[in-house]
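Novice: Top line first, the protein sequences correspond to chains A and B. Every number in the working numbering is 6 more than the matching position in the first sequence, counting from 1. Every number in the working numbering is 70 more than the matching position in the second sequence, counting from 1.
Among these hints, one or two may not hold up.
Said to hold, decoys possible - Just the calculated beta-carbon pair ranges, DEER-fashion: (1) A/Thr81 <-> B/Lys324: 30 to 36 angstroms; (2) B/Lys328 <-> A/Lys88: 42 to 48 angstroms; (3) A/Asp51 <-> B/Asn94: 49 to 55 angstroms; (4) B/Met277 <-> A/Pro84: 26 to 32 angstroms.
The set of hints was computed from the structure by calculation and includes no laboratory data. Heads up, the beta-carbon is just placed ideally off N, CA and C, and yes, glycines get one too.
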Amino acid sequence: MRKPAKLTAIAASFAAVLAVSLVPVSSMAEGAKETIAMGKKVAYDRKLGNCLACHMMDDGVSPGDLGPPLVAMKTRFPDPAKLRAQLEDPMAANANTMMPPFGKHNILTDDQLDAVIEYLYTL
Amino acid sequence: MKKTVVAIAILCVVGLSSTVVAKNAADTTPAQDIETYRSYFTKKFPGVPLQEFSNGVYAIDKVSRDSWEAIEEFPPYEPFIEEGEELWNTPFANGKGYADCFKDGPAQRKNYPHWDAKRKMVVTLPLAINECREANGEKPLKWKVGAIASLLAYMGYESRGQTTNVVIPEGDADALAAYNEGKSQYFSRRGQLNFACASCHMQSSGMHVRTDILSPGLGHTTGWPVYRSKWGNLGTLHRRFGGCNKQVRAKPFKAQSKEYRNLEYFLTHMSNGIEFNGPSARK
Numbered sequence: 007m008r009k010p011a012k013l014t015a016i017a018a019s020f021a022a023v024l025a026v027s028l029v030p031v032s033s034m035a036e037g038a039k040e041t042i043a044m045g046k047k048v049a050y051d052r053k054l055g056n057c058l059a060c061h062m063m064d065d066g067v068s069p070g071d072l073g074p075p076l077v078a079m080k081t082r083f084p085d086p087a088k089l090r091a092q093l094e095d096p097m098a099a100n101a102n103t104m105m106p107p108f109g110k111h112n113i114l115t116d117d118q119l120d121a122v123i124e125y126l127y128t129l
Numbered sequence: 071m072k073k074t075v076v077a078i079a080i081l082c083v084v085g086l087s088s089t090v091v092a093k094n095a096a097d098t099t100p101a102q103d104i105e106t107y108r109s110y111f112t113k114k115f116p117g118v119p120l121q122e123f124s125n126g127v128y129a130i131d132k133v134s135r136d137s138w139e140a141i142e143e144f145p146p147y148e149p150f151i152e153e154g155e156e157l158w159n160t161p162f163a164n165g166k167g168y169a170d171c172f173k174d175g176p177a178q179r180k181n182y183p184h185w186d187a188k189r190k191m192v193v194t195l196p197l198a199i200n201e202c203r204e205a206n207g208e209k210p211l212k213w214k215v216g217a218i219a220s221l222l223a224y225m226g227y228e229s230r231g232q233t234t235n236v237v238i239p240e241g242d243a244d245a246l247a248a249y250n251e252g253k254s255q256y257f258s259r260r261g262q263l264n265f266a267c268a269s270c271h272m273q274s275s276g277m278h279v280r281t282d283i284l285s286p287g288l289g290h291t292t293g294w295p296v297y298r299s300k301w302g303n304l305g306t307l308h309r310r311f312g313g314c315n316k317q318v319r320a321k322p323f324k325a326q327s328k329e330y331r332n333l334e335y336f337l338t339h340m341s342n343g344i345e346f347n348g349p350s351a352r353k
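Next up, chain B with everything else stripped away, as it sits in the complex (with noise of 0.2 angstroms):
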């Protein structure tokens, strides 16, 4: 029954993504997704090396991309890494502290998102951010912006040059299935303006609307969390997604829902091999 739904949902996008991912989520491996999606982008934008794509928009268009170095020469999320670093060595109520938690130091990003196969889910850092924080007593913190968005920001650039590897476990069902539900929201078209993830970051990307250029899908996921300057500040990656499920009129999934953690599964996994660059700045 619900492998029919699932089935559905993809026919109904394979007009969009027949040239880019097989008809049905599971028609191909994640393995082969990997091929597909990533030479689909250096095949578009071949002067651009795999690790530029970690750049987003900056990586294909050379204007933004000078203003864009002169905002890095005083990177707006300076001050956040240092509350993060703040936050990191200040000890809960009970005395421990998040170095508890992660017992191999702030630079986690490399193990995250991850598939708990005895969970049956997958956990990004975030969530394990404020798992951490329950089992030691204290509230868990807004998942958008604020603490949590500072904590990832200095955890961020302790892993900088870590490489993205995340891991769909050989033989389990569970782990395969999170990662395809994932891959087919990407491709379906949603909301009332009627488009996926795909038919922006991919069919359209390096295009303009209006005067916004759309960026690759390829890199998205690395250089989180992201000082934006239309936010004036700095939010996390499933505040971006909600960004734009609303901008297409969807109604957006909440943060660390499972629809969006799937969602980070694939577009992690789709950017394997490039270093993680957070945090960044963006317009």
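Bound conformation, chain A alone (with noise of 0.2 angstroms):
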């Protein structure tokens, strides 16, 4: 049972690796895209990142109002390590904050908290 899984799984990572440097640009794209939903769906999870408890952002409904609006991000942060270090730890920057410590706390894994930024990227 666990080898063809294993075997499946190298397959597919070298079918993504010959993906990537084949036939860049589309599937990138569509990579990228995939993300940015993957990173949507978590910022809206209730039990996830739940970030429309607090934030106006996109086309949310029902936003709370404890945190700013996320918009231009782009612009507002374009240090993606600042981004990420308000999301991994928000107490650093502001002891008094109601973020909730996203990395700290293990309340998103790498890759959510990863997904998540990309698709903040696009407000």
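Join the two chains into one complex using the hints; note that each chain is given alone, in its own frame.
Specialist: Listed below in structure tokens is the structure:
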């Protein structure tokens, strides 16, 4: 049972490498789209990011107002590390913060954080 | 040793509480705390008279207040008051009843929670009810819903108009320690989501989590028990404490645990001067 699964995984990643190197433009765009879609899902999901509980963003319905609207992210956060730091541990910047430490308390995984950040940069 | 632990726990929340309450739970007196806590809210919501804070979020939000007032015309907690009265009047197997424990009748809210100097602990009204039952050979009731909530509804109704007056006895170090434990719990961040009670009910009171408006912590103890439409029944204060702990993914303490009794002691003290108005209805 295990071996074939592993083989498939290897084959898949090999295929992925191939895909990236052979058909770069369209597939990469597809991959990025998927990541962004996943980021949005994580951000909206009440059990995951639940960013809408506190932030107005995108087309989210009935947002809260504890935090500022998430708009023009590229302009306001030219440095992705800064954005990541805000998600990882907002208390570092503001001891009184009302935002949960998504990274530090493992509320989201690294992959989920990456995806959310990709998504935020589309706003 | 124990002191250090508390001090450290409190230092961790300095950031949050420094504007509100002193760095260390023991640095300010209960009387000073009432003054700071109360004026925090009366300044934040200047149009709201002190007594109004007993109405939770409806004290500060006109829109939800209108539908709440409509609900109060036919209060959903009414049948529970009747059930509670019946329970109050039903004798135990030994022929005695609640009136033998609560000598001056069902209007007991003004007496609870209180510090029991002999037992060195905070005694809440639900605790006193179950101790009365056990002293008379009856099984204790479940803490959070059911018969105890109905009894509390009847006793609360009979106590309407009494004023909160929780005393931290002067010179009793143990009482003060219990109060300070409750206080540091209120200001300590907990759970995976990392919030203190004060994060939501002081700092963010009046703001929206999605469409919910966070109620001011002042007056939080007066209206119990509460009929919540979300629960579909009547629940006790410690049930709500547990719910708020779970919301931030913290492990709740048990109803009537020392932790929640001390928290109730602190929080009720903060509402001294505000009238009891339970039972009440909430969303």
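Novice: Take the C-beta atom of B/Lys328 and the C-beta atom of A/Lys88, compute their distance, and say whether it sits inside 42 to 48 angstroms.
Specialist: Hint holds: Cβ distance 43 angstroms, inside 42 to 48 angstroms.
Novice: Within 26 to 32 angstroms or not, the Cβ separation of B/Met277 and A/Pro84?
Specialist: Roughly 29 angstroms apart at Cβ, these two residues keep to the hinted range, so it holds.
Novice: Given the hint of 30 to 36 angstroms, is the C-beta distance from A/Thr81 to B/Lys324 inside that range or not?
Specialist: The hint (30 to 36 angstroms, Cβ to Cβ) is violated, given that A/Thr81 and B/Lys324 are roughly 50 angstroms apart.
Novice: Is the distance from the Cβ of A/Asp51 to the Cβ of B/Asn94 consistent with 49 to 55 angstroms?
Specialist: 39 angstroms, violated
Checked against the numbered hints given earlier, the structure breaks hints 1, 3 and satisfies all the rest.
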